[in-house]
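Chains A and B, in that order, give the protein sequences.
Count along the first sequence from 1, add 29, and you get the number used in this note's numbering.
Count along the second sequence from 1, add 10, and you get the number used in this note's numbering.
Just so you know, these hints were derived from the structure itself, not from any lab.
Hints should not be assumed to be uniformly reliable.
[Claimed, not checked] Partial list, derived from the structure: chain B residues whose beta carbon lies under 8 Å from chain A: (1) Thr-37; (2) Gln-68; (3) Val-69; (4) Leu-70; (5) Phe-73; (6) Arg-117; (7) Gly-138; (8) Leu-188; (9) Glu-192; (10) Val-201; (11) Val-204; (12) Glu-291; (13) Arg-367; (14) Leu-403; (15) His-405.
[Said to hold, decoys possible] Facing chain A, according to a computed beta carbon distance under 8 Å, are these residues of chain B, among others: (16) Lys-54; (17) Ser-103; (18) Leu-261.
[As the list claims (entries may be wrong)] Between beta-carbon pairs, the in silico distance windows are: (19) Glu-58/A to Pro-390/B: 33 to 39 Å; (20) Glu-166/B to Glu-88/A: 30 to 36 Å; (21) Gln-84/A to Ser-98/B: 45 to 51 Å; (22) Arg-375/B to Arg-121/A: 42 to 48 Å; (23) Gly-40/A to Thr-412/B: 50 to 56 Å; (24) Pro-148/B to Glu-49/A: 15 to 21 Å; (25) Pro-36/A to Arg-215/B: 24 to 30 Å; (26) Arg-110/A to Pro-93/B: 48 to 54 Å; (27) Gly-40/A to Arg-375/B: 31 to 37 Å; (28) Thr-62/A to Asp-369/B: 40 to 46 Å; (29) Arg-168/B to Arg-121/A: 14 to 20 Å; (30) Gln-33/A to Gly-427/B: 41 to 47 Å; (31) Glu-58/A to Ser-98/B: 48 to 54 Å.
Note that beta-carbon positions come from the ideal geometry of N, C-alpha and C, so glycine has one too.
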Amino acid sequence: MKAQTIPERLGANRYEVDEEESHIVVDQELCRTTGTGQRIIAVCPAGVYSERDGQIDVEYAACLECGTCLAVAAPGALTWRYPRGGFGVRFREG
Amino acid sequence: MADEPDFDVVVVGAGPAGSVTAHRLATAGLSVALIERGEAPGSKNLSGGVLYGRVLDQVLPGFADEAPVERRITRHVTTFLTPDSAVSLDYASQRLAEPVNAVTVLRAKFDPWLAERAEEAGAYLMPGVRVDQLLTEPAGEPGAVRVLGVRAGEDELRARVVVAADGVNSFLARDAGLRGKEPLNHLAVGVKAVVRLPRSVIEDRFGLTGDEGAAHALVGDCTRGVGGGAFLYTNTESLSVGVVLRLDDLLASGHTAAGIFDHLVQHPGLAPYLRGGEVVEYGSHLVAEGGLAMLGTLATDGLVVVGDAAGLTINSGLTVRGMDLAIGSGIAAGDAVAEAVAAGDVTAAGLAGYRRRLDESFVGRDLRTYARAPKFLERPRMYGAYGELAAGLFHDVFSLDTTPRKHLAAVARTALGRSGIGLRTVLSDGWAGVRAL
């Protein structure tokens, strides 16, 4: 099995991206002050979160919908719910 | 008197717990809606992949011959992995093939089949619908609510009972105040890839014939010592490979989940199995690891919680289970809800039969048996020092470098001394392990 970057590995997945709304919203201030930013970057297997100039970037289209980020987030720092019905990742294997 | 509800029961989530509950209720003659947020059942669902399926035979006898299952597990291998060594316990037996004990499944294929059985029994499947919240009204106690149905966007669906089968994140159980934020030592993140390989290659590499399968569980360096473990399961024409990482330990380690997964698939202990394979899917799943301690209140007025949504998982150290418990809870919930509806009492008291049935079933019994396992598995030596100890011991046994041989007891003493683990600690861990597992 070849070494792969996360985007390469995600490339095999199928997604129905909701172009109209993101199911993830971060509170930049709380992400910084509570350390939530670093935690969600560490735990997300899909690399949805990254940091640029002290801000947390969210690539919601890559989300695998596991909810691990929400589990490690401080209250209020992250609003995370499932994408609207029919949108998001579509596992063909599972 | 309130308006007549749209359905007797609304089940939210068409995974194993939801579909079995729906099947049970529809079979009992109740009107059931089975709501699924994915475009089709299974499209949002992911697990490592081993289903200890004997319980499903109670609902669908002989299911393994009909359902899209991958392989019948006849070999279980448990391995302590260090950076350069592997020490394994390898159990293979034809006795595991008949009757079928465990099968590998790919959920995007298996779950639709199970949901179809619920439909066949009369349940009304509604795919592509995300339930946003519960419909509630205040109940007797201050702060307590009675559940009246669900809201999805602009639509409301009323039911006598709502079954929350909405997975480990269960927004519905939280909505009803039955679950709060879990401590991080009760949760783990599972990261998995499905790797395609030709059927004959899989059979040759794992020593399998026909639809036999192997399940490998690994601990140690495969997770860079983070609490949890790794797995490698054989499907018909692919492998499921991944890690499960306890969140408190992952965060303390300074590693990333994706980085540890990379480390796993390149590890010399696993790489030869995966050689030449193509990743056809990459996914993740939050795993409840708290066992009995995580099980909260399972019913309130007009609502019961089943499967992952109720935190039903067991990690015994050798077997990791979720789907069988989900199915067991679906049977208990289905029977109890049917009984409550028939009796005209769907209050928490009327639905208490669910917890009673669950406690009496293998689900409750096994949860109690393994109640100490999560705490035991938090002991850090499981993920590093013991693997090193075993690897060192066997190296001394097998490496004949012309130095004079010593008796095994002396070799063991030397290996233990080198490991830095005191004998007292080994005995403490051993005794705790015997009691917990």
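Taking the hints in turn, this is what the structure says about them:
no., hint, result
1, Thr-37, "violated (26 Å)"
2, Gln-68, "violated (24 Å)"
3, Val-69, "violated (21 Å)"
4, Leu-70, "violated (19 Å)"
5, Phe-73, "violated (17 Å)"
6, Arg-117, "holds (3 Å)"
7, Gly-138, "holds (4 Å)"
8, Leu-188, "violated (17 Å)"
9, Glu-192, "holds (7 Å)"
10, Val-201, "holds (4 Å)"
11, Val-204, "holds (4 Å)"
12, Glu-291, "holds (4 Å)"
13, Arg-367, "violated (29 Å)"
14, Leu-403, "violated (31 Å)"
15, His-405, "violated (28 Å)"
16, Lys-54, "holds (6 Å)"
17, Ser-103, "violated (28 Å)"
18, Leu-261, "holds (6 Å)"
19, Glu-58/A to Pro-390/B: 33 to 39 Å, "holds (35 Å)"
20, Glu-166/B to Glu-88/A: 30 to 36 Å, "holds (34 Å)"
21, Gln-84/A to Ser-98/B: 45 to 51 Å, "holds (47 Å)"
22, Arg-375/B to Arg-121/A: 42 to 48 Å, "violated (36 Å)"
23, Gly-40/A to Thr-412/B: 50 to 56 Å, "holds (53 Å)"
24, Pro-148/B to Glu-49/A: 15 to 21 Å, "violated (35 Å)"
25, Pro-36/A to Arg-215/B: 24 to 30 Å, "holds (29 Å)"
26, Arg-110/A to Pro-93/B: 48 to 54 Å, "violated (41 Å)"
27, Gly-40/A to Arg-375/B: 31 to 37 Å, "violated (45 Å)"
28, Thr-62/A to Asp-369/B: 40 to 46 Å, "holds (44 Å)"
29, Arg-168/B to Arg-121/A: 14 to 20 Å, "violated (35 Å)"
30, Gln-33/A to Gly-427/B: 41 to 47 Å, "holds (42 Å)"
31, Glu-58/A to Ser-98/B: 48 to 54 Å, "holds (50 Å)"
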